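There are 2 protein chains.
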Amino acid sequence: MASEETKITLRESELPQRWYNINPDLPAPLAPPLHPKTGKPLAPGDLAPLFPMALIMQEVSMEPYIEIPDEVMRIYRLWRPTPLYRAHRLEKHLGTPARIYYKNESFSPPGSHKPNTAVAQAYYNKQEGVKRIATETGAGQWGSALAFACCLMGLECTVYMVRASYEQKPYRRMLMESWGAACYPSPSDLTNAGRTIRAKDPDSPGSLGIAISEAVEDAATHDDTKYSLGSVLNHVLLHQTIVGLEAKEQLRLAGEEPDIIVGCVGGGSNFSGLAFPFVKDKLKGKQVDIIACEPEACPTLTRGLYRYDYGDTAQLAPVVKMYTLGHTFVPEPIHAGGLRYHGDAPQLCLLVNKGVIEARAYHQLATFEAALTFARAEGFLPAPETAHCVRAAVDEALKCKQTGQEKCILIAYSGHGFFDLAAYDKYHTGQLEDYEYPQEKIEAALKELPQVTDPTA
Amino acid sequence: MASEETKITLRESELPQRWYNINPDLPAPLAPPLHPKTGKPLAPGDLAPLFPMALIMQEVSMEPYIEIPDEVMRIYRLWRPTPLYRAHRLEKHLGTPARIYYKNESFSPPGSHKPNTAVAQAYYNKQEGVKRIATETGAGQWGSALAFACCLMGLECTVYMVRASYEQKPYRRMLMESWGAACYPSPSDLTNAGRTIRAKDPDSPGSLGIAISEAVEDAATHDDTKYSLGSVLNHVLLHQTIVGLEAKEQLRLAGEEPDIIVGCVGGGSNFSGLAFPFVKDKLKGKQVDIIACEPEACPTLTRGLYRYDYGDTAQLAPVVKMYTLGHTFVPEPIHAGGLRYHGDAPQLCLLVNKGVIEARAYHQLATFEAALTFARAEGFLPAPETAHCVRAAVDEALKCKQTGQEKCILIAYSGHGFFDLAAYDKYHTGQLEDYEYPQEKIEAALKELPQVTDPTA
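Residue numbers (my numbering), protein chains in the order written: chain A, 390 to 846; chain B, 390 to 846.
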């Protein structure tokens, strides 16, 4: 049945009722997050100024599954379950014997997977009486998802947007404002963190690390306000697992098991959301290649150090063990896509470190080329972030063409490229270049790491 | 069941297999299209330089249903069947006893209902050996839909884009180029029609009428090239009826019958696509209010003349009987949305003239206000065109609140507003104004009408 159809769809009544929590299944103990000032293991109460208690408890939960609240389910139903596509046309175009599937998260109102966690976070904040949520955003995907979620939950939303994106990509800002959010370019003059950086470098293009510092400070200094992070933390990965849980059921309906799973990684939540329910099977012995795709311009997993580092530039966020390029990382303006955080989710980093997940880095010209191949075959234009794993899928499918292997490839199709057409235009007109992240910068980052003891080392 | 769910979905196997043709059901004979030069009724062969014969035959077909070709069905399956949404959250926000449904066409790769006909037209052109299709586009919805369709069918595509939009809305142009189309600002120097207008007015912002003239000339003067129109013609309305046929089945599953159907009208294909399958029932005696929503800035159906007029500015396209503001109509740049064609589909005009369909005009500030009400309740941001019928639906729902009537309202949700955020930004910042179309202009248009005899008058 399913092999004839283009989309494998689930009914709303088949929506997963629970998120999957990878914490109890990890193959080794996770290094504990440390307090940025004391270097001591973080107690749940340390995070209380930033997050509602329900999310803090999810952060450290060892329950294998966590129930999705009804009010979150009602909003999920606006776009979930999302369709799992069989890429018939792409397969034919490539002439591959591989079967390619993509889990299409681009149909949510903001256009990506991000609202899966934004809605949940807004819900738990509202439950605990929070009035406003502050956050950061890079290219604007996360900010617009949180703006959407806060709007539907009846909360205020303040977004610190990396200044380079704020200026170059006004449409995402306008989208946030359409949902009633306030959006400021970061570094801003609204926080100490922002003012300090602007005093040193008035033309700072900003970075995710800087914008995180601003949003954290905003939340920590206002009683009615909490902070929200769009990736990296366990509760975020947890909320995103609805993607993988749906995909697993859809593949089962199609009579398939994936041989290869690919997803792009910025902070790790998109990738983990699709992959973790399959990682669970792999840890029990099932054979599947799970590939995390990142940009060569920000090669955290492939070339970063697996060490404790600050989560943000101003050293306000917890210190966590992860692959890192250093918390002072500022991305090259030449790079067109998102995926520009200096670190990655600790759970994901541990699984990469243990060899359960493989990491690969891609140059941007190759990712845009693959994105256009995809768009001209399947019709849908991927976000530049998504293009990284589309590249990986195309490469794997072409390998199958050479070997004749009929592998089943699953893509985390995380979002559309409607707000990234200026980047596509630069690609069409030869204005994009590849960028090799210099080794010296990685070595310099080593010197900035916090002086803390790793209890798992 | 359905009343609990947010979306009423059909399986791919439940996709309608046939389009509905309203021609045989019209309540009075349609005035025949006339040749622009001779004023004589058009013979099918007269259109052969512009359209493939299969589409010309659909134009005059009296068959009640026309089979959808397999290859068209395969591409439709990339986004069809589209979900019918129950607007639970909007109803609650308005406090109305009305039940509001919206047929969401925004999930197609180009983001609107337009590819329903673009794919079909590309298919029939390809069947008859055409290599390239030329067309016009206003805000870019139609051009990007045809670019998408030609790309997937393996045809070349040339788009003449109204210059004001080309300059103000570069993202749609970039989207067309991502699918491999060539896009030029109109009036251009590529055609006689364009050069003539530029000689008189080098700064002409263009109009749909002018862009049609250019595309028609391009097709008529190149052997391997045909022309394609995104609205107005019967074959276009026909292809769009898949929207209404799906919606009818979805409402049946929900145990509903619509009391009110609303859709926006530019040339009429979006509106007719949803409404015509219900018009069929109304003509047989079923009670339903069917409301065509247009802008006050281009009040074709509400204030235009019901007379024969040219379809384009350069008088190359056929002369048809329709409501018209005159073929030299140029829209006010102050108006932010699409819906700016001087005429409308003859079938739709006939039904308005006979009182089967009601027409209403809306000022733009009121439509943006309704669009934001919708976006903040349902999450999805409507295109400014779609906003016109969202306004009508909100007004009708508020009437129900006053009267206590539990009406069922069906909205033609034709597309998303991701490429119209600059217009939303202008609305947010008070830069949009309402515009009352002056009566003198309508009287002046009367003098420009072609001197032909109306055999149905």
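Hints listed in this document are in silico derivations from the structure and should not be mistaken for laboratory results. Please note that the accuracy of each hint is not assured.
Since the list gives no way to pick one copy over another, a pair counts as held whenever it fits inside one copy or between any two copies.
What the hints assert, rightly or not - Straight-line alpha carbon distances no greater than 27 Å define the calculated DSS-like cross-link-like pairs of lysine-lysine that follow:
#	residue 1	residue 2
1	K671	K830
2	K515	K481
3	K520	K675
4	K558	K815
5	K396	K515
6	K520	K481
7	K589	K675
8	K396	K520
9	K589	K836
10	K481	K788
11	K589	K671
12	K830	K515
In this text the structure is predicted, and so the values were computed from the model without any measurement.
Taking the hints in turn, this is what the structure says about them:
Within a single copy, K671 and K830 get their C-alpha atoms no closer than 35 Å, and across copies no closer than 72 Å, so neither meets the 27 Å cut-off. When the C-alpha separation of K515 and K481 is checked against a cutoff of 27 Å, the pair qualifies only between copies, where the shortest distance is 19 Å, while the shortest distance within a copy is 48 Å. In the homo-oligomer, the alpha carbons of K520 and K675 never lie at most 27 Å apart, since the shortest distance is 45 Å inside one protomer and 49 Å across protomers. In this assembly of identical chains, K558 and K815 lie within 27 Å of each other by CA distance both inside one copy and across copies; the values are 14 Å within and 16 Å between.
When the C-alpha separation of K396 and K515 is checked against a cutoff of 27 Å, the pair qualifies only between copies, where the shortest distance is 26 Å, while the shortest distance within a copy is 35 Å. In the homo-oligomer, the alpha carbons of K520 and K481 lie at most 27 Å apart only across protomers (22 Å), although the nearest pairing inside one protomer, at 51 Å, exceeds that limit. For a Cα distance limit of 27 Å, the shortest separation of K589 from K675 qualifies neither inside one copy, at 52 Å, nor across copies, at 72 Å. With identical chains, the CA atoms of K396 and K520 are never at most 27 Å apart, being 40 Å at best within one copy and 30 Å at best between copies.
In this homomeric assembly, K589 and K836 come within 27 Å of each other (Cα to Cα) only inside a single copy, at 21 Å, whereas the closest approach across copies is 68 Å. Taking the closest pair of Cα atoms, K481 and K788 come within 27 Å of each other only inside a single copy of the chain (15 Å); across copies the shortest separation is 53 Å, beyond that limit. In the homo-oligomer, the alpha carbons of K589 and K671 never lie at most 27 Å apart, since the shortest distance is 48 Å inside one protomer and 71 Å across protomers. In this assembly of identical chains, K830 and K515 lie within 27 Å of each other by CA distance neither inside one copy nor across copies; the values are 42 Å within and 54 Å between.
Of the numbered hints listed earlier, those contradicted by the structure are 1, 3, 7, 8, 11, 12.
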